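Visitor: Here's the letter readout for the chains.
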Amino acid sequence: MATAKRRVQARDARGPQKSKKKLPKVSTGIAGLDLVLDGGLPAGRVTLLSGGPGSGKTIMGLQCLMHAANAGQAGILVLFEERPAAVRQNAWSWGWDLARLENKNKLYLMDARLDPQAVISGEFSINALLAILDQRIKSMRAKLVFIDAVDALLHLYDSPKRERQELYALHEWLLDRRLTAIMTVKTVPQEGVPPQYAFLDFMADCVIHVDQRVTAQITTRRLRVIKYRGSGYGRNEYPFIVNENGINIVPISSNVLQHRPPGHKVSSGQAGLDDVLAGGYKSGTSILIAGTAGAGKTTLACVFTRAACLRDERVLYLNFEESPESLISNMLSPGLALQPLIKTGRLLVRSFLPEAMGVEEHLFYALKELDESQPRHVVVDAISACKRMGSDQAAFEYLMRLLNACKERGITCICINQTSGLDLVEDISGIGISSIIDTIILLRHRLTGGAMSRQLIVMKSRGSKHSDQFHEFRITDRGIDLVKA
Amino acid sequence: MKARKRGSRKHAKPDGQNYVFRLFVAGDESNSSQARGNLARLCEEHIKGRYKIETVDVLKDPSTAYENRVLVTPTLILLKPLPKVTVLGNLNDTKQVLAAFRLTLVEL
Numbered sequence: 001m002a003t004a005k006r007r008v009q010a011r012d013a014r015g016p017q018k019s020k021k022k023l024p025k026v027s028t029g030i031a032g033l034d035l036v037l038d039g040g041l042p043a044g045r046v047t048l049l050s051g052g053p054g055s056g057k058t059i060m061g062l063q064c065l066m067h068a069a070n071a072g073q074a075g076i077l078v079l080f081e082e083r084p085a086a087v088r089q090n091a092w093s094w095g096w097d098l099a100r101l102e103n104k105n106k107l108y109l110m111d112a113r114l115d116p117q118a119v120i121s122g123e124f125s126i127n128a129l130l131a132i133l134d135q136r137i138k139s140m141r142a143k144l145v146f147i148d149a150v151d152a153l154l155h156l157y158d159s160p161k162r163e164r165q166e167l168y169a170l171h172e173w174l175l176d177r178r179l180t181a182i183m184t185v186k187t188v189p190q191e192g193v194p195p196q197y198a199f200l201d202f203m204a205d206c207v208i209h210v211d212q213r214v215t216a217q218i219t220t221r222r223l224r225v226i227k228y229r230g231s232g233y234g235r236n237e238y239p240f241i242v243n244e245n246g247i248n249i250v251p252i253s254s255n256v257l258q259h260r261p262p263g264h265k266v267s268s269g270q271a272g273l274d275d276v277l278a279g280g281y282k283s284g285t286s287i288l289i290a291g292t293a294g295a296g297k298t299t300l301a302c303v304f305t306r307a308a309c310l311r312d313e314r315v316l317y318l319n320f321e322e323s324p325e326s327l328i329s330n331m332l333s334p335g336l337a338l339q340p341l342i343k344t345g346r347l348l349v350r351s352f353l354p355e356a357m358g359v360e361e362h363l364f365y366a367l368k369e370l371d372e373s374q375p376r377h378v379v380v381d382a383i384s385a386c387k388r389m390g391s392d393q394a395a396f397e398y399l400m401r402l403l404n405a406c407k408e409r410g411i412t413c414i415c416i417n418q419t420s421g422l423d424l425v426e427d428i429s430g431i432g433i434s435s436i437i438d439t440i441i442l443l444r445h446r447l448t449g450g451a452m453s454r455q456l457i458v459m460k461s462r463g464s465k466h467s468d469q470f471h472e473f474r475i476t477d478r479g480i481d482l483v484k485a
Numbered sequence: 001m002k003a004r005k006r007g008s009r010k011h012a013k014p015d016g017q018n019y020v021f022r023l024f025v026a027g028d029e030s031n032s033s034q035a036r037g038n039l040a041r042l043c044e045e046h047i048k049g050r051y052k053i054e055t056v057d058v059l060k061d062p063s064t065a066y067e068n069r070v071l072v073t074p075t076l077i078l079l080k081p082l083p084k085v086t087v088l089g090n091l092n093d094t095k096q097v098l099a100a101f102r103l104t105l106v107e108l
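Here the protein sequences come in this chain order: A and B. Just so it is clear: in the first sequence, position 162 is 162 by my numbering, and no numbers are missing. Just so it is clear: in the second sequence, position 72 is 72 by my numbering, and no numbers are missing.
Treat the hints as calculated values from the structure; they're not laboratory data. Here the structure is a predicted model, which means the values were calculated and not measured. Certain hints may be false.
[As the list claims (entries may be wrong)] Taking lysine to aspartate or glutamate and the DMTMM-like style, the derived pairs with C-alpha atoms no more than 20 Å apart in a straight line are:
#, chain 1, residue 1, chain 2, residue 2
1, B, Lys60, A, Asp134
2, A, Lys138, B, Glu54
3, A, Lys343, A, Asp312
4, B, Lys84, A, Asp115
5, B, Lys95, A, Glu123
Can you make the complete structure from the sequences, with help from the hints?
Guide: Dropping the structure here:
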């Protein structure tokens, strides 16, 4: 008693500011999720994970357990629906060897499936489950418990009141033992947590909802933290993907814009265009090349790409229109040899079919490439094709986040946009990203005196002088030639 | 057919231990005590002298509970005669319990 009192006094003397303690957290092992949760799950408390079928609840919980077990913290997985053997087998598809951790006594899969044929006569409680769990926790010194499909247990009770009592009892039991617990509960797609389980949201200290939606035939998974007592958290919906490494979340990195200031000018690869742009593109900015089909957008981007590679600057070319092989062969006609650049590793061409995956998966691979290859410049060919990732909204999300990521890393980003005309500003900048674009170059065809001529104009160039005239240019077998006015 | 008939006659033997129960309780919590009382009364009334009850306290022996996949208390398992039957709860509904143990005929 005396010590406790002294401690309180000492704390008061330190003043209110210093007594502010951060809630202890447990890392989830999912980098993006830790960011969203401002460090991880609340230690010694219960987190509720709700979501529909196939939304990724089990994988998420399993990944937390795996992460803890690999760090030496023992954990228990209580399975109300699945067989342990099936879970082990499923975990293999992410390369997770559960048996190895089980042998080390760092992980335990507890088969808690109920006998579906059991006859119910009168009242009962889950004391046996708790006694078994208690024994296991003590023998393993487990700190983390993942209870999968708690709703399956609740189905045993014939009244919502009993369900609630039993769950509160379980909750108290977990808190008494200072266990960090994750409980999953199934939700009905589009309807959320069934009304009889709504109280769970009030009970748990941290509530995370995951869901899976299909929009325009493309599946996306999303995650949202509904509440987190005593902690800050990211309040948006965060798309996530499940791939061979488990759950991956790409959170919108920060709530403040941390763009690097634009760097020095870099040559566009074409002396005449450099003059028009008063020295070239500014490195670390976003440049939009817009124009009708066949106006020379890809060629202009490749002129820059080649020049940058020859300056020993790495370029990542994200191609949504054609395969690397076809890009290489098409660029031979204007005399741009890309193959040697790829060979030396200066140029990376990555082709993706926009409709092959959802926005977050596209984004995941793009950001991974940014981090792994550390390019100085990125080309996106073409943002108009990004709409095929699902919708205009999907394309907007993809580009906004990719451009943001580039700006944060000081990477120059050249976006190509195919337009149907040159009259509508909306059409030119495409998908509402114009606010983040620093330079816009328009390309167009003109028919004059029985011949076709190509023209370009710089519509906008932030923080830099530029010509306001149309400039005629030609695509030759040695790249692009600007005709002197 | 013949063998089965002989078998059932054997079951009817008044002094044989024909019913084997395993009752899982959690200490002396109310539902567990009720189940104990209910089961004893039921056996005395319907299968007097032909039953055996094994009681497991899950608080003292959680391993046996887990081996038998018992998660709630009280749980009563009828081990013999086969097939095995599991009844959850304090066994307050005598009729239902007897039906589960296929004991209605004996009752008559």
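Visitor: Against which earlier hints does the structure fall short, listed by number upward?
Guide: 2
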